[in-house]
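These protein sequences, in sequence, are chains G and D. Oh and the first sequence: position 543 is 543 in UniProt numbering, straight run, nothing missing. Oh and the second sequence: position 156 is 156 in UniProt numbering, straight run, nothing missing.
These aren't lab readings, by the way, just hints derived from the structure by calculation. Everything numeric in this text was worked out from a predicted model, so none of it was measured. Some hints here could point you the wrong way.
Here are the simulated DSSO-like pairs of lysine-lysine, each with C-alpha atoms no more than 27 Å apart in a straight line [said to hold, decoys possible]:
(1) G/Lys64 x D/Lys345
(2) G/Lys112 x D/Lys344
(3) D/Lys333 x G/Lys112
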Amino acid sequence: MQNSAADGSPAAQSQVVGKRLVYAREYTLDLPRISSVELPLKVSAAPESVAKAVDMCGGLGSIKNVLQGRDEGGLELHLNPEKDENNTPTFFNEHPIIGRRVPNRDESVLLKISLPKGTIAKHNGNLQEAIAAATDTKQYRVVPVAVINNTVRFREMSDFQIRLDNVPSANEYNNSFKSLNWDNFKDYVKSIPDYDTKPYENVSSMTLDRSAKIPSFDWQLPAIPRFSMVNIPYIYKYRDNPYAKKSDTGESSVKGTYIKNYQQLVYDFNTTDGIPTEPHPDIVKLFNQGKETGVYPGTGKDVRFLEKLEHCLDILYDLFEKRPIWVKRHIDGIIPLDLHPALKIALSLYSYRFTKGPWRNSYIKLGVDPRTSKDYAQFQTEYFKIERKLLTDPRIKKNLPAPPSKDYQSSVPGQIDPNFEFDGKRIPWYLMLQIDLLFKEPNIFEIYSQTQFLPEVNELTGWFSELDLTKIRKIVKYELGCMVQGNYEFNEHKLTFFKRMIYVKESMIKEKDAEGDVDMDQDDDDDDIDDNGVQEGEIDDELLEEAEQEEAKEATLRSEALEEDQDTEPDNFDIKTASFQEVIEKIAKHDSKSAKFLKDHINGLVKENDLLQ
Amino acid sequence: MTLKTIYIARHGYRSNWLPTPPAHPAPPTGVNSDVPLAAHGVDQAKELAHYLISIDNQPQMIVSSPLYRCLQTSEPAADLLELPIYIDRGLSEWYKPDRDIIPEPATYDILNNFFAGKLKREWPNSVVPSLKGETEEDIFQRCKTFWPIFVQELEERFPEVETVLLVTHAATKIALGMTLLKFDNVRESLDEDGTVIRSGSCSLDKYEILEDDLGEDENGEETVLPFDQRQWKLTMNGNTEFLSAGEEMHWDFKSGFEAGSDDDIKARRKKQLEQQGVETNGDKKDGIDDKDEYEHVYVSLDVHNRNYRERHTVPNQTTLQHSGLETDKPLIKIADNVYEGTWKKSLGTELAFANETTNSKSKEGEQDAANTERVYRVTDSIDLNPIQPM
């Protein structure tokens with residue numbers, strides 16, 4: 001404690017009469033520390049009003065749980081908590097506003113001001129004036145009563161809302177599960193068939209209430225709990241278009257050019273319509289127009305797009321002759337860097353894509369239908385994904401190779417970079433793997449060489465039987481999982497076991513072994529063990545991102561400029577877990593020269609984790 | 001180590017204050033006027049106990065008047081703070097000389113039957129009030145004598161105790177305060193505004209030693225002035241904020257009756273009836289003041305330190321002073337910082353929960369009146385900006 005009298009504070013000015021000191025106006029701050037909720041509502045002084053506000057937040061219990069940190073989900077503010085006469089909520093799927101505890105809340109002192117009754121009303125609620133009026137008569141009293149040190153505040157925006165008043169299935173749910181009315185409930189439970197024979201049909205044929213007219217094209221799809229994933233108002237960061245320039249004379253021009261692309265997609269694998277044999281007529285028209293005039297429509301003459309495109313097409317022609325089905329990331333490394341802007345257009349002129357099925361997301365030569373010949377089985381794609389929880393582990397992250405940069409070049413000219421191949425000795429750059437990229441792994445090649453192709457192509461497994469694909473997947477998963485964890489010595493017995501599998505699911509084997517006892521849970525457990533932290537069939541996040549980019553119908557000529565743009569986007573770079581490669585990449589974004597210098601000359605970056613080991 | 005903080009509380013709501021006559025139980029000790037608390041008074045005592053445990057500087061020792069109602073009031077606090085209760089007749093009730101019977105409080109042995117295991121025997125009476133009754137001057141003198149004896153005894157026996165709680169009666173509470181603050185008699189007001197020591201039932205005062213009186217010698221040991229030279233400040237005057245019914249039965253020496261006596265109650269009821277004649281909705285409890293009904297508003301004082309990583313805290317062992325609340329720019333002093341305030345009306349409502357944190361420290365399964373929720377509604381605030389001394 002400091003001495004307060006010496007510094008000329010009000011304490012020192014207090015009235016001194018003889019030896020007596022009067023300190024009536026000094027108030028202790030050793031007060032209860034209490035919590036508060038800041039509501040965006042006008043709550044009146046009436047107790048009912050306060051009670052309703054508390055109710056809208058889910059009651060005192062919820063408020064306390066959030067304030068005391070027992071509930072991390074935050075406080076839900078329901079602006080329309082009304083219930084009808086049957087105690088059924090009238091708006092049961094209101095998306096509430098979420099309030100959260102304020103981190104590092106500055107402590108506030110709560111003052112209690114007592115005034116003669118009616119003073120505030122007399123001054124139209126203006127407290128300061130009311131105090132000024134009462135001050136002559138010494139009729140007001142001010143005492144600090146508490147310190148507020150913890151607050152829940154509603155800073156988020158309200159979510160999108162959806163009304164379900166006229167949706168029969170929603171009403172049935174509301175009248176049973178929400179009202180807990182037993183008669184309605186009984187009817188509801190009885191109406192649910194034990195075995196739904198038509199899960200693909202509109203649910204309106206199953207609802208009891210036929211009075212509500214709902215359009216037949218409304219499938220009564222229930223709303224998700226949260227529509228807006230940006231919970232605070234979005235910072236749009238409006239900026240000038242980097243391509244748009246305004247000259248001194250006031251003339252505006254756009255430097256970059258966007259060209260509309262016409263990549264043909266086949267959405268249904270089982271289509272009988274056949275596959276495209278010719279490029280999209282619009283792109284052919286543009287291309288021909290370009291050839292006539294010497295400039296590709298929509299591009300500037302100086303970028304020499306047509307020239308690049310033609311050069312690109314020459315290379316692609318050879319590539320598609322050699323291999324009819326490609327992954328774009330592989331082609332990226334083969335096409336010279338300066339031709340990259342034309343690649344997407346060129347691909348549209350030579351290839352089409354399936355959006356589903358065993359060849360999804362790969363570029364297939366026009367006129368080639370992989371469903372017609374077993375020869376295309378080796379180009380089927382398999383997807384693998386390393387689990388997120390493993391990716392965040394720094395010890396595992398360091399074992400993963402960084403994916404190639406956007407403008408990498410293959411180390412084998414004119415061919416797929418060996419880093420894309422899976423040979424059981426290193427983790428490939430990308431986990432979207434065509435079957436033939438797996439052949440260097442002897443066990444997989446053994447399975448492939450013995451495989452019996454199906455007589456007809458299958459929507460899910462292509463030309464392979466499910467069993468053979470399962471064997472291949474299991475081996476890749478096992479070996480990848482080992483390598484991710486830094487283990488390159490595989491268990492031979494395990495690999496042999498995979499190769500000799502007779503059933504697709506091990507649970508089927510277990511069924512026999514366990515003397516008739518079928519343990520339904522067993523199935524999941526087994527999967528976990530063999531998963532080894534790698535999932536199959538799921539598209540890696542990175543691949544997904546790429547696939548979306550490839551689907552974009554616009555090609556940009558100046559992709560470098562756009563990439564610069566993206567630098568400001570938040571990434572998940574964390575200096576604590578970043579690998580050397582990542583650090584260099586981060587530097588490269590700002591200063592590529594220094595990054596290159598560092599990359600070539602530094603070899604002594606040691607990670608904290610390694611020091612600990 | 002030295003006594004630095006003194007809390008003085010009045011006992012809770014007495015059973016003879018209840019409006020319906022059959023509810024008056026006989027004094028358990030058989031001593032005249034030694035009535036127990038009403039159920040409401042017991043609830044108040046629990047609320048007081050919960051308040052004491054919610055603050056930082058908690059009493060390390062409880063000393064009570066030997067009268068039944070004071071011991072009953074001390075009991076919940078003693079339980080929660082896990083302290084014994086010492087009895088000192090120096091804290092006894094004020095009886096006027098013209099009273100029919102001047103009662104003598106029950107002895108430790110009798111009281112121990114009612115509060116078994118909770119009372120401590122070894123505490124001498126610092127003063128024994130005259131059995132012939134006391135005038136206003138007499139009780140003032142009694143309290144003046146009380147302090148030095150009491151403090152000396154306390155500091156010798158319990159040198160580690162810095163904070164003490166005294167539980168006593170309205171008249172004694174005022175007289176103790178006025179003597180501690182070195183006033184000349186019990187009727188003086190504390191300041192030019194006519195403020196007196198508030199003494200509603202179960203109200204709580206806090207006296208803190210003036211920091212000037214504490215020093216350090218060459219060895220860094222704490223030095224302290226002799227008790228009669230120490231000065232005290234009143235930093236909490238009759239606090240009843242923690243009581244769900246607020247201030248009830250305020251009394252001071254101007255009332256003319258002995259506090260809480262049957263005469264006092266009769267006079268209050270008469271007055272209330274008169275008031276009811278004027279206003280139809282006469283509140284059951286008596287008003288805060290003898291003059292008017294009050295309304296209360298809550299205002300938060302917000303210091304923004306403009307640093308999202310650090311929070312501004314209000315130190316526990318400090319005080320607040322305010323000036324010019326009626327102006328646009330009120331001055332507020334918190335601890336050693338002086339702030340200039342700006343009135344703000346918030347765009348929503350802040351609801352603060354008074355008893356939200358108190359439960360956590362209390363014993364498991366302690367479900368009592370203190371848990372009834374109290375919500376402060378805040379719509380006005382004062383933003384505080386630090387001002388640098390010239």
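Distance restraint between G/Lys64 and D/Lys345, which requires alpha-carbon spacing of 27 Å or less: holds, 26 Å
Holds or violated: G/Lys112 to D/Lys344, with C-alpha atoms at most 27 Å apart: Roughly 16 Å separates the two Cα atoms, so the pair holds.
Restraint check for D/Lys333 with G/Lys112, where alpha carbons must lie at most 27 Å apart: holds, 16 Å
Checked against the numbered hints listed earlier, the structure breaks none of them; every hint is satisfied.
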